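Residue numbers (numbering that gives the first Met the number 0), protein chains in the order written: chain A, 0 to 265; chain B, 0 to 432.
The hints are simulated quantities; they were obtained by calculation from the structure and are not laboratory data.
Quantities reported herein were computed from a predicted structural model and do not represent experimental measurements.
A virtual CB, placed ideally from N, CA and C, is assigned to each residue, including glycine.
Incorrect hints may have been included.
Short, incomplete list of chain A residues facing chain B, as computed with Cβ under 7 Å [unchecked claim]:
(1) Arg36
(2) Ala108
(3) Leu156
(4) Lys159
(5) Glu172
(6) Thr173
(7) Arg239
Cβ-to-Cβ under 7 Å is the rule here; a few derived chain B residues that face chain A [said to hold, decoys possible]:
(8) Lys173
(9) Ile175
(10) Gly177
(11) Asn293
(12) Lys375
(13) Leu380
Within a straight-line C-alpha distance of at most 20 Å, the following computed PhoX-like cross-link-like pairs (lysine-lysine) qualify [stated by the list, open to error]:
(14) Lys121(B) to Lys149(B)
(15) Lys173(B) to Lys158(A)
(16) Lys356(B) to Lys367(B)
(17) Lys157(A) to Lys259(B)
(18) Lys333(B) to Lys356(B)
(19) Lys159(A) to Lys312(B)
(20) Lys159(A) to Lys287(B)
(21) Lys167(A) to Lys356(B)
(22) Lys173(B) to Lys159(A)
(23) Lys173(B) to Lys198(B)
(24) Lys271(B) to Lys173(B)
(25) Lys356(B) to Lys158(A)
(26) Lys173(B) to Lys87(A)
(27) Lys29(B) to Lys19(B)
(28) Lys267(B) to Lys241(B)
(29) Lys259(B) to Lys241(B)
(30) Lys173(B) to Lys157(A)
(31) Lys287(B) to Lys259(B)
(32) Lys85(A) to Lys173(B)
(33) Lys29(B) to Lys10(B)
(34) Lys157(A) to Lys287(B)
(35) Lys356(B) to Lys387(B)
(36) Lys167(A) to Lys312(B)
(37) Lys319(B) to Lys149(B)
(38) Lys241(B) to Lys271(B)
(39) Lys157(A) to Lys271(B)
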Amino acid sequence: MSQIFFYATLGLYSCATLGYLIFLIRSSNALGIWANRLVITGFIAHLLSTIHRFSSSGHLPITNMQESLSFFSLAIIGSFILFERKYKVITLGSFVTPPALLMLIASSALPTEIKQLPPILQSNWFWFHALLAFASYATFTIACGTAVMYLIQQHFLKKKRFGSLFQKLPSLETLDDISYRCLTIGFPLLTVAIISGSIWSEQAVGNYWNWDPKQTWSLITWFIYAALLHGRLTIGWRGRRAALLSILGFIVLLITFIGMKHSIKW
Amino acid sequence: MNIIVVGLSHKTASVEIREKVAFSPNLIDKPLRDLVALDGIVEGLIVSTCNRVEIYATTHDIAGGISRIKRFMAEHHHIPLEVLEPHLYTYHSENAIRHVFRVASSLDSMVVGEPQILGQIKTSYGYAAEYKSSGIILNRFLHKAFSVAKRVRTETRIASSAVSVAFAAVELAKKILGDLSDKTVMLIGAGEMCELAAKHFLNSGAHGIMVTNRTFERAERLAEEFSGSAVRFEELFEHLHKADIVLSSTGAPHTIIGPKDVEDVVRKRRFKPMFFIDIAVPRDIDPKVDDVENAYLFTVDNLQEIVQANLAKRSREAEKAEEIINQEIGQFYKWLSSLEVTPTIVALRTRFDEIRKAELSRTAAGWKDLTPEEEKRLEALTISFMNKLLHTPTTLLKQAGQGGRVDLYVDALRQLFELEAAREESEELELEQ
């Protein structure tokens, strides 16, 4: 059952992503609207698949790489839908659905067996930590997407190229707004995720911080976003520099995410 | 009944000719009356703008009508017909309909997609309606033209892009600064284009304006005009950080704003982006300003490029518009040809006969001891009854012959008895309204 929904999701996300990408080069608003409908339908299927998986295993499907990738993708699409509602920037989909789709494809390539839950994960702190971490990852993915859009749009403006892509993309101000909003949502989430993660670590292995690669990379991610937020609030960092840092933050975040599995042996 | 168009436009006549044949809106009643008094002309309407002068009319005699209107134009404006004629174009029937639809949709305008022409035609139609020179056909025709123009406007993006430099500047600023309602404009120097751009920015919702000029009095005067504030030229850099949009066109022989200045100003603004437009020749703003982070400098040439690209885009959209017009011509033409007398009489007879037959067979079916002889007499009765009823309207319709009156009768008949064509058209009209 959850497999059916999973593959339906995969199909819908693929069509939506394709729609969003073609939308960038073709001048048809209808395409953007349809891509948005597809992505929402896909999200519902994805949610059902996840819920089904949750009810059959009794815990959130985030205990191995296959499940986590799918959950990451779910979180990205979920927050994209919310951001799209608020800011009405259709082209955001062209930059955010591709990573979500790639994660889902990667997830589908991995084995799906449900294993017995290892005792180390049987802690409420773990679930709390993981949920917040995924939420922050999703908002930072949106931030990275807008940063890429910002750099493209700025490139057009500086090179004085006013093609159809330039017309499609939103104003620099809007992109900066979305970016900042992502930062102010994502950063507190990440902070609490790291704190709850260390509490869980204390419960599981006996100390709050053991400098394992996972914790170290999390900390690096946190510092990058902290620097970005600090720069923004104190001297008004924005534009190109902020966009580049936001992209760097996302790359480090991906390393943290992929490195997760190897840090704790279960 | 046929629709004919006689006219000239920026495409066929120079401004010297156009101004000679223009009709003044204040004195339009006499030419309108003279027009419909012409032999064979039933309804008439005069469109007169700075780019075109056109006469729309209905007639039964296409060739005669056209030549009489040509002579009317020449005589009314006291121009020899030989001088005027080479500039005139004429259309009739389907081509006349297409022409008027294209003009109303702004496809025939000097700047394709400019919105004024529709309003001008509406005004011209207003005069014709006021002085009763238009009748049932031109009324319907012009309303159709307005709805076609509206369709073109909403279904194509013919008018969606900026085709003036000042407007392109506003569009560009929005791509950087987003909403302009909390943004401030700084106007350096004076100059027609700069002031026009400033006006456009204020119309698009810009929050306020500062004006500076080497002669402070001039700055004050301009500031007053825009209800902004005047800034002394020497104090420019003390105020520049407050401006999001900078428009510059001074007569200075060298640049007055350099990259170093802008770097300082941008830092002072906490890196909020700035939008510069340099209209001056030689330049007021060092081109290197564009290399400063969060500062965006554009010249008139850049804006001109946008305008050119938008014009090209418009002509692509125009093709879509032509398709829409082709669809609409067919519909209108169908209604127009339905106004002929003979097909209407035939349709009316058919309708009556249908009713007669239906009622007769219903009565006969429920009448048990009806002999074939009696049935024949019954049928004869219904036929003579129907013929008597139709006799007067048919003769009158034929006698009414040609003229505005007969169209009115025919149209009324078609609507009252729901004779085809009229039915479709009236449904459509309801939808539009």
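Checked hints:
The interface hint given for arginine 36(A) is broken, as the beta carbon of that residue sits about 22 Å from the closest beta carbon of chain B, more than 7 Å. Annotation: alanine 108(A) was flagged as interfacial toward chain B, and the flag is violated, the nearest CB pair being 41 Å apart, outside 7 Å. A cut of 7 Å between beta carbons decides the hint on leucine 156(A): the least distance to chain B is about 5 Å, and the hint holds. The closest approach between the C-beta of lysine 159(A) and any C-beta of chain B is roughly 5 Å, which is under the 7 Å cut-off, so the hint is satisfied.
Because the beta carbon of glutamate 172(A) sits about 3 Å from the nearest beta carbon in chain B, less than 7 Å, this interface hint is met. Because the beta carbon of threonine 173(A) sits about 5 Å from the nearest beta carbon in chain B, less than 7 Å, this interface hint is met. Interface restraint check: arginine 239(A) against chain B, minimum CB-CB distance 6 Å, threshold 7 Å, status holds. Look at lysine 173(B): its Cβ gets to within about 6 Å of chain A, closer than 7 Å, so that hint holds up.
Nearest Cβ of chain A to the Cβ of isoleucine 175(B): about 5 Å, under the 7 Å cut. The hint holds. The interface hint given for glycine 177(B) holds, since its Cβ lies 3 Å from the closest Cβ of chain A, which is under the 7 Å cut-off. Against a cut-off of 7 Å between C-beta atoms, the interface hint on asparagine 293(B) holds, since the closest Cβ of chain A lies about 5 Å away. A least Cβ separation of about 65 Å between lysine 375(B) and chain A goes past the 7 Å threshold, and the interface hint is therefore violated.
Annotation: interface hint on leucine 380(B) violated; nearest CB of chain A at approximately 62 Å, more than 7 Å. For the proposed pair lysine 121(B) and lysine 149(B), the alpha carbon gap of about 13 Å is at most 20 Å, so the pair holds. Proximity of lysine 173(B) to lysine 158(A) is assessed by CA-CA distance (about 17 Å); at most 20 Å being required, the pair is judged to hold. Between lysine 356(B) and lysine 367(B) the CA atoms are separated by roughly 18 Å; this keeps the pair inside 20 Å, and the hint holds.
Distance hint between lysine 157(A) and lysine 259(B) is fulfilled; the C-alpha atoms sit about 18 Å from each other, no more than 20 Å. Between lysine 333(B) and lysine 356(B), the direct Cα distance comes to roughly 29 Å. Violation of the 20 Å bound is thereby established for this hinted pair. With a CA separation close to 18 Å, the supplied pair lysine 159(A) and lysine 312(B) stays within the 20 Å bound. With a C-alpha separation of about 14 Å, the suggested pairing of lysine 159(A) with lysine 287(B) holds against the 20 Å cut-off.
The suggested pairing of lysine 167(A) with lysine 356(B) is violated, with an alpha-carbon distance near 64 Å, which exceeds 20 Å. Note on lysine 173(B) and lysine 159(A): the hinted pairing holds, with a Cα-Cα distance of about 15 Å set against a maximum of 20 Å. A C-alpha spacing of about 15 Å is found between lysine 173(B) and lysine 198(B), which places the hinted pair at or below 20 Å, so the restraint holds. Pair hint lysine 271(B) plus lysine 173(B) holds up; C-alpha atoms about 14 Å apart against a cutoff of 20 Å.
The hinted pair formed by lysine 356(B) and lysine 158(A) fails the criterion: a straight-line CA distance of about 79 Å is larger than 20 Å. Between lysine 173(B) and lysine 87(A), the direct Cα distance comes to roughly 16 Å. Compliance with the 20 Å bound is thereby established for this hinted pair. A hinted pair counts as satisfied when its Cα atoms are at most 20 Å apart, and lysine 29(B) with lysine 19(B) qualifies at roughly 17 Å. The suggested pairing of lysine 267(B) with lysine 241(B) holds, with an alpha-carbon distance near 9 Å, which does not exceed 20 Å.
Simply put, lysine 259(B) and lysine 241(B) have alpha-carbon atoms about 17 Å apart, close enough for the 20 Å limit, and the pair holds. At roughly 15 Å between alpha-carbon atoms, lysine 173(B) and lysine 157(A) fall within 20 Å of each other, so this suggested pair holds. For the suggested pair lysine 287(B) and lysine 259(B), the alpha carbons sit about 9 Å apart, so the restraint of at most 20 Å is met. With a C-alpha separation of about 19 Å, the suggested pair lysine 85(A) and lysine 173(B) falls inside the 20 Å cut-off, and the hint holds.
Annotation: proposed proximity of lysine 29(B) to lysine 10(B) is violated, straight-line Cα distance about 28 Å (limit 20 Å). Between lysine 157(A) and lysine 287(B) the alpha-carbon distance is near 11 Å, which keeps this suggested pair within the 20 Å criterion. Annotation: proposed proximity of lysine 356(B) to lysine 387(B) holds, straight-line Cα distance about 16 Å (limit 20 Å). A distance of roughly 15 Å separates the Cα atoms of lysine 167(A) and lysine 312(B); the hinted pair therefore holds under the 20 Å criterion.
Between lysine 319(B) and lysine 149(B) the alpha-carbon distance is near 14 Å, which keeps this suggested pair within the 20 Å criterion. Our distance criterion of 20 Å between C-alpha atoms is met by lysine 241(B) and lysine 271(B), whose separation comes to about 10 Å. Proposed proximity of lysine 157(A) and lysine 271(B) is supported: the alpha carbons are some 16 Å apart, at most 20 Å.
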